[in-house]
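Asks: Residues per chain, in single letters:
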Amino acid sequence: MKLEIPVDDSVLIGLHTGDDAGVRLLDERTALVQTVDFISPVVDDPYTFGQIAAANSLSDVYAMGGAPITALNVLAFPCKELSREEVTAILQGGADKVAEAGGALLGGHTVESPELFYGLSVTGLVDPAKLISNANARPGDKLILTKPLGAGMVSTAVKGGMASPSHTAEMVRSMTTLNKKAAEAMSAVGVRCATDITGFGLIGHAAGIARESKVSLIFEWERVPLLPGAKEAFSLGMVAAGAYANRERWQGVVEVTAKNPEETLLYAADPQTSGGLLISVAPQEAERLLEEIKSTGTPGAAIVGEVASGDASLIVR
Amino acid sequence: MTVIDCNKLACPEPVLKTKAALDSIEEGVITVIVDNMAAKENVTRFAEGQGCTVSPKAAGEGWDLTIAKGYGCELPDTMPGSSPEARNLPTAILILSDKMGADDKLGDVLMRAFLSTLSKATMPPAKVLFMNSGVLLTAEGSEAIEDIEALAVLGVEVLSCGTCLDFFGKKDDLKVGAVTNMFDTVETLTEGYRVTTIR
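Residue numbers (my numbering), protein chains in the order written: chain A, 1 to 317; chain B, 1 to 199.
The following block holds chain B by itself, in its conformation from the complex (with noise of 0.2 Å):
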C-alpha cells in the first residue's frame, strides 16, 4: 500500500502530494500521514471532494489518513480489529451452529469450507469456541472432525460448550478438543479477545 509521509510539510503540499497519487491509480488505498490539523482538514476534504473515502486515525502527534478510491465502501471506526489495541488481540471464533447460513446443504459446505480454510490462515485464532449445534461439529459423526484437528494442532484452543453437547446426546462422544463452561465461555467473549461469530 502506498505511504505519502506529509510530516512537517506546509499546505498545500499534503493535498498536492495527495493528489498526485490518487491520480495515479485506478483505484485502491492509500494511506497520507499528516502532521497537523490544516493539513489533515484539507487533505480530507480534497480526497472526499474526489469521491473517495477517508478514514482518520490518531497516531503520534498527527493522523494516518487512510484513503480509499475506487470502492463504494467505507472503513468505518468500529471495524472490529481498526483500532491499534484490538488488532493487538488475540482472536476468538465463536461458532453457533453445525451450518454456516441458514441453507441446510449450502450451510455444510460452507461450515466445513470454512474450517479447513481457518486451519490454513496465515493468522489462525487463539481460541475456537462451538455452542450450541455447533458442538456437532467437534462431536462423533461430524465430516469436520480433520480440519477442527489441524487446528488443535496448530496450537489453537478448540472448546465445546458441556451443556450442549448433553443437549444433543453427545456428551461423551466429543472427538476433539477439551469440553467448557458457561464460565469460560463469558470470560473469552468479554475480555481480552477479539471475537468473530459464525451462526
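Next comes chain A alone, as it looks inside the complex (with noise of 0.2 Å):
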C-alpha cells in the first residue's frame, strides 16, 4: 500500500522532499511552519532531558529559516517508575527552552508508556521569500557544521557509564543548545539552504541536500568537528545502533577517501541528538556567517566542504 496526500498548491515544502519540517502558505508574506518530534532519554537528568528534547524539535523550526510560536509537549511514560517530580523535571526543561526559542507553550498530550519518550510538535513561522529548504544547495557553495559531531557516540557511552564528567558536559551543553542564533544569522545572509543534522548522522541529511538539490556535497574531513570524548567512545564500541544502520543506508551515495575510511564513515553516519545546522551559503559569505555563528553560542562551528555540481553523491576526503 501506499501512502496518498493529496496535492495542495499552498503547501510548500511536504512529506515528498525529505525535508526538516512541513510548510503551508497563509499569505503572501507569511508561511506556517510545523514539525513534530519526540525521543528517548540520552541523560539520566530529567530536567536536562527535557532541555535537549526540547531543543531537538525547536530545531527543525529553524532548519526552515522559521522562528517557533506555539509548542505542544509530546509524553509518554512508565507511571510506576517515574516520580511526578522527575516528569516536572522534564516538562520544565522543556518549557524553559520553549520560552529560550520565543515561542509559547500551549499545553500537550500525555500517555502511560513502558518506555519513556519526551518531544514537542512545534509551529513555526516564516517569510516564504527567506524559507531555507534542503533543495538549494548551488554548486560553489560553502558547507557550514554549527556543531560538532559525535553525540551518539558520547550519549552511547553516558548510557554505558563510561564518559568521563567532562565529556558528558560537553555533550549536554551542545545538545541543549539551540539553533536559534545560528538560524537567525543565516537568515541575516541570505542562505536558502540547510538542514539539521539528527537522526540520519551527517551522511543521511547530507545526502537529503545532494538529493533534493541534485548536486555534490564534498567534505574535508579534517575540518569536520567532534565532540571531545567521542573518538574514546568510539574506541570502546559505544557506537549507537543507529550509526551502524545508518551506514547501511547511506553508504552507496558516500565516497570516503579520507584517511581510515571505515571509521570515518561510522563518524558521518553517527546520529545525532539536537544536533547542529549543516548550511549551504555563498562563498563570499561564508567567513562572516562563520564568525557570527561561532561567537553567538555554537564555538565548535566550522567550514567543513563545499558544494559542487554532480549527481546526488557526498565526497568525504
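Simulated from the structure, these hints should not be mistaken for laboratory data. Cβ atoms here follow ideal geometry from the backbone N, Cα and C, with glycine treated the same way. A couple of the hints might just be wrong.
To be verified - Here are the in silico distance ranges between beta carbons for each label pair: (1) Glu-48(B) <-> Val-11(A): 42 to 52 Å; (2) Val-186(B) <-> Asn-260(A): 44 to 54 Å; (3) Pro-78(A) <-> Asp-5(B): 52 to 62 Å; (4) Pro-78(A) <-> Ala-59(B): 27 to 37 Å; (5) Ala-59(B) <-> Arg-288(A): 50 to 60 Å.
What the hints assert, rightly or not - With a Cα cut of at most 25 Å, we get these calculated SDA-like pairs of lysine to any residue: (6) Lys-19(B) <-> Ser-166(A); (7) Lys-8(B) <-> Ala-76(A); (8) Lys-259(A) <-> Gly-51(B); (9) Lys-127(B) <-> Ala-113(B); (10) Lys-159(A) <-> Lys-127(B); (11) Lys-19(B) <-> Tyr-244(A); (12) Lys-8(B) <-> Gly-160(A).
Stated by the list, open to error - Some residues of chain A that are not near chain B, with every Cβ distance over 12 Å (derived): (13) Asp-45; (14) Ala-67; (15) Pro-78; (16) Arg-84; (17) Glu-85; (18) Leu-106; (19) Arg-247; (20) Glu-248; (21) Glu-263.
Build the complex from these two chains, which are given one at a time in their own frames, with help from the hints.
Replies: What follows is the structure, encoded as C-alpha cells:
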C-alpha cells in the first residue's frame, strides 16, 4: 500500500522532499512551519533531558529559517517508574527551552508507555521569500556545520557509564544549545539551503541536500568538528546501532577517501540528538557567517566542505 | 569457557557484558554471541582496543566472537579444524619420517613419544599413513611397533606406502597395518580427511 497525500498548492514543503518540517503558505508574506519530534532519554537528569528534547524539536523550525511561535508537549512515560517530580522536571526543561526560543507552550498530550519518550510539536512562522529548504544548494557554496558530531557515540558511552564527566558536560552543553542564533545569522545573510543534523547523521541529512538540490557535497574530513570524547567512545565500542543503520542505508552514495575510511564513515553516520545545522552558503558570505555563528553560542562551528555540481553523491576526503 | 549470550541485547549492553567478563579474568578465552552487526563491530572494536584478539565466526543469524585475552597468539580463521565443516571431518596423520624433526636422537625420542601419546588421545585419528622413511616405524626393527599396534586395536587404520617399503628393502617385513598405494594416499589427502603432517 502506498501513502496517498492530496496535492495542495499552498503546501510549499510537504512529505515528498524529506525536509525537516512541513511549510504551508498562509499569505504572501507568511508561511506556517510545523514539525513534531520526540526522543528517548539521552541523559539521566530529567530537567536536562527535557531541555535536550525541546532543543531537538525546535531545531526543525530553525532549519527551515522559521521562528517558533507555539509548542505542544508530547510525553509518554511509565507511571510506576517515574516520580511526579521527575515528570515535572522533564516538562520544566522543555518549557524553559520553548521560552528561550520565544515560543509559547500551549499544552500537550501524555500517555502511559513502558518506555519514556518526550518531545514537542512546534509551530513556527517564516517569510516565504526567506524559506530555507534542503533543495537550494548551489555548486560553489561553502558548507558550514554549526555543532560538532559524535553526540551519538558520547551519549552511548554515557549510557554505558564509560564517559568522563567533562565529556558528558560538553555533550550536554552542545545538545541543550538552541540552533536559534545560528538560524538567525544564516537568515540575515540570505542563506536559502540548510538542514539540521539529527538521527540520520551527517551523511543521511547531507544526502537529502544532495538529492533534492541535485548536487554533490564534498566534505574535508579534517575540518569536521568532533565532540571531545567521541574518539574515546568509538574505540570503546560505544557506537549507537543507528550509526550502523545509517551507514547501511547511505554508504552507496558516499565515497570516503579520507584516511581510516571505515572509522570516518561511522563518525559521519553517527546519529545526532539536537545536532547542529548544515548550512549551504554563498562562498563570499561564508567566513562572515561562520564568525557570527561561532560568536553566538556555537563556538565549535566550522566550514567543512563545499558544494559541487554532481549527481546527488557525497564525497568525504 | 565463558560464553556470553548477547542475543536480543541493544547497544551498548553487549559491550558492557563483554567488558565485565574480560575484567574478571587475567587471561583466557571467552565467547560472545551477538545477533547484529552493530554489536559485532562494537564488541570487536572494544576487545581489540583492550589488546585482545577477536575471531568472528558466522553462527546462525549472528556471530560467535571468540575473544582471547592475555595471549600473544592469534586464532586465525584458517587454523586447521577451525571451521565447523573441518571440525566434523575424520583426521588422518601423515608421517613422512621415522623421526620427528631434524635431530636424529631427539627426533627418535619425540616420534616414539608422539605415537605412544597418540594411542591415548581423547580423539584418535581415523588413519595413520606412513610414507618415505616413516615406513621404518611399521617394519621389522622398529621400537614403535607396540604403540602402533595399540592404535590399530583402537580401530585406527594403519597404512604404509608399498613403494617406500620396497625402497628401504622392507617389503616383506611389515609388522603392523596394511600396505597402501599412491591412489589411496591421494584420495586420503585430498578428500574427506583433515590431514596433519609429521616430518
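Asks: Evaluate each hint against the coordinates.
Replies: Evaluated hints:
Distance hint check for Glu-48(B) and Val-11(A): the Cβ-Cβ separation is about 51 Å, which falls inside the suggested range of 42 to 52 Å. For the pair Val-186(B) and Asn-260(A), the supplied restraint of 44 to 54 Å holds, since their beta-carbon distance comes to about 48 Å. In this structure, Pro-78(A) and Asp-5(B) break the distance hint of 52 to 62 Å, their C-beta atoms being roughly 26 Å apart. Remark: the range hint 27 to 37 Å for Pro-78(A) to Ala-59(B) is upheld by a beta-carbon distance near 35 Å.
Ala-59(B) and Arg-288(A) have their C-beta atoms about 57 Å apart, which keeps the hinted 50 to 60 Å range intact. For the suggested pair Lys-19(B) and Ser-166(A), the alpha carbons sit about 22 Å apart, so the restraint of at most 25 Å is met. For a cut-off of 25 Å, the pair hint linking Lys-8(B) to Ala-76(A) stands: about 24 Å separates their Cα positions. Proximity of Lys-259(A) to Gly-51(B) is assessed by CA-CA distance (about 22 Å); at most 25 Å being required, the pair is judged to hold.
About 18 Å separates the Cα atoms of Lys-127(B) and Ala-113(B), which keeps this hinted pair within 25 Å; it holds. The suggested pairing of Lys-159(A) with Lys-127(B) is violated, with an alpha-carbon distance near 56 Å, which exceeds 25 Å. A distance of roughly 21 Å separates the Cα atoms of Lys-19(B) and Tyr-244(A); the hinted pair therefore holds under the 25 Å criterion. Our distance criterion of 25 Å between C-alpha atoms is met by Lys-8(B) and Gly-160(A), whose separation comes to about 17 Å.
For Asp-45(A), the shortest C-beta to C-beta distance to chain B comes to about 19 Å, beyond the 12 Å cut-off, and the non-interface label holds. Every beta carbon of chain B lies more than 12 Å from that of Ala-67(A), the smallest distance being close to 37 Å; the non-interface claim holds. Remark: the non-interface label on Pro-78(A) is consistent with the geometry, its nearest Cβ contact in chain B lying 17 Å away (cut-off 12 Å). Consistency note on Arg-84(A): stated as away from chain B, and its beta-carbon is indeed over 12 Å from all of that chain's, at 28 Å minimum.
For Glu-85(A), the non-interface assignment is confirmed: its Cβ lies about 28 Å from the closest Cβ of chain B, beyond the 12 Å cut-off. Look at Leu-106(A): its CB is around 35 Å from the nearest CB on chain B, clear of 12 Å, so calling it non-interface holds up. Against chain B, the non-interface label of Arg-247(A) is violated: not every CB pair exceeds 12 Å, the least being about 9 Å. With 12 Å as the threshold on Cβ separation, the claim that Glu-248(A) sits away from chain B is violated: the shortest Cβ distance comes to roughly 8 Å.
The Cβ of Glu-263(A) does not lie farther than 12 Å from every Cβ of chain B; its closest approach is about 9 Å, which violates its non-interface assignment.
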